[in-house]
Amino acid sequence: MENYLYFAEADVETGDDGSSEALCVPASSFIGADPGATTTTLRFKNAMGDNAGVHTVVLTHTAAKNKEVMRGVMACINAHPNKGGFIVVANANAAALTTGTEYNAVFNGLGLSTVAITEVETGGITGASGGTTLSTSYGAGMIGATTGATLPAYTRSKVGNEIITSVVVDLTGMTNKNDDGDVIGLAAGGAAYFFKYVAAETGTIYKIEMSCLELPTASSNVGLDIDLFSNSNAARAFDFDISGATQVIAAGADMVLGDTLQNIADHGVPNDVYYLVTGGTHTGDSIHTGGRILIKFYGQI
Amino acid sequence: MYFADGNGANLTTEAYVAEAGMIASIVPVTTTTTAVYFNKTDESKDKIVFTHDNTTNATGHRVIDIAKALAECSNAGPHVNGMTDVVDLDNSIFYGNLSFITGLAVTLDV
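Residue numbers (my numbering), protein chains in the order written: chain A, 54 to 354; chain B, 70 to 179.
Just so you know, these hints were derived from the structure itself, not from any lab.
For every residue, glycine included, the Cβ atom is placed at its ideal position computed from N, Cα and C.
Watch out, some of these pointers could steer you wrong.
Unchecked claim - Footprint (simulated), chain B over chain A, 3 or more residues, beta carbon under 8 Å:
#1 76-84
#2 89-102
#3 176-190
Can you build the whole structure from these sequences, using the hints too?
So this is what it looks like as structure tokens:
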């Protein structure tokens, strides 16, 4: 038997993005509670199915009522011991006009007023199309194939203070301009960034690697010299000359299957986004028919 | 718990069976979609996204209805011979009041 705990913020419209506005978790995933001046923070393991993921729920309440709030949460966790069930712990969703807020009766007299939900996701992460908030965001010009949905694939692991975020970019369908320093992306346009430096998620980035998992191919004029640039402008699209931005990795030569390049000095700065860029002129524009590149961002918190 | 997307349940991701104790979390995604994540034993996970009506500013987001139904399902084992139909769009079978669900998408190893 298992109890499931439900929490909701004042507005419940979106989620699955690091700050879900509602959350239901099994009671057995509870890790612990941490007091604040007028808040109690609850943490739950296995956020989004990740071994190292954590959901955080912050309940705001009258000052000095932390122990009572914790006792209330424990009562919710241990309710219905013989059959399990669905427990509304704190539902602040007043936007649901016919129901309004609903706080469990165990919190009566404790001044519970707001609910704030966040989550730290690890393992495989679904990228945010068009987003510029999360590190795992990509632009419309970075969707690998015009007729398919080959999207940048993200994974993240955290060991101690080390956070490693990996992105695999499939070049299929993207165009590599015959001009050193031009952004690689869909010829049809659209911002072609595939990652954002968000220190709260990535830690302080101290190393970046770029590896060739599948050698890029094209029907003609294949461009194999590919660089990595970062820039604060998240609107750069295919064919934009970004050579004045920060060059993170200068390949200096054609890619070789299985080889890995590493940045030497520049990493970009927080809030920069990252672009793949033509590293050298070739005989004509390449429309890639294949090619996969792994970019790994190493961070410390 | 059994889920099927209405495409015949004879190709990968057209159906999914989850052990009830593997539910990790249930969260809204947009006003008309809700995601359920399932724990796995490695760093990947499985995910089902339900499509439903938008009741956000009426009775509230459907995430609470889906969460309530899954909580009931996961505790229903002894009474349903081991497998509970949660949403079977091949046969229009819905657990409880989940008939507002119009689609679902299974993603393995997210």
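Status of each hint after checking the structure:
1. Check result for the segment 76-84 of chain A against chain B: holds, 5 residues qualifying (beta carbon to beta carbon below 8 Å, three or more required).
2. A stretch counts as covered by a chain when three or more of its residues have a beta carbon under 8 Å from one of that chain; for the segment 89-102 of chain A and chain B the count is 5, and the coverage holds.
3. Counting residues of the segment 176-190 of chain A whose CB falls under 8 Å from any CB of chain B gives 4; the rule of at least 3 is met.
The structure agrees with every numbered hint stated previously.
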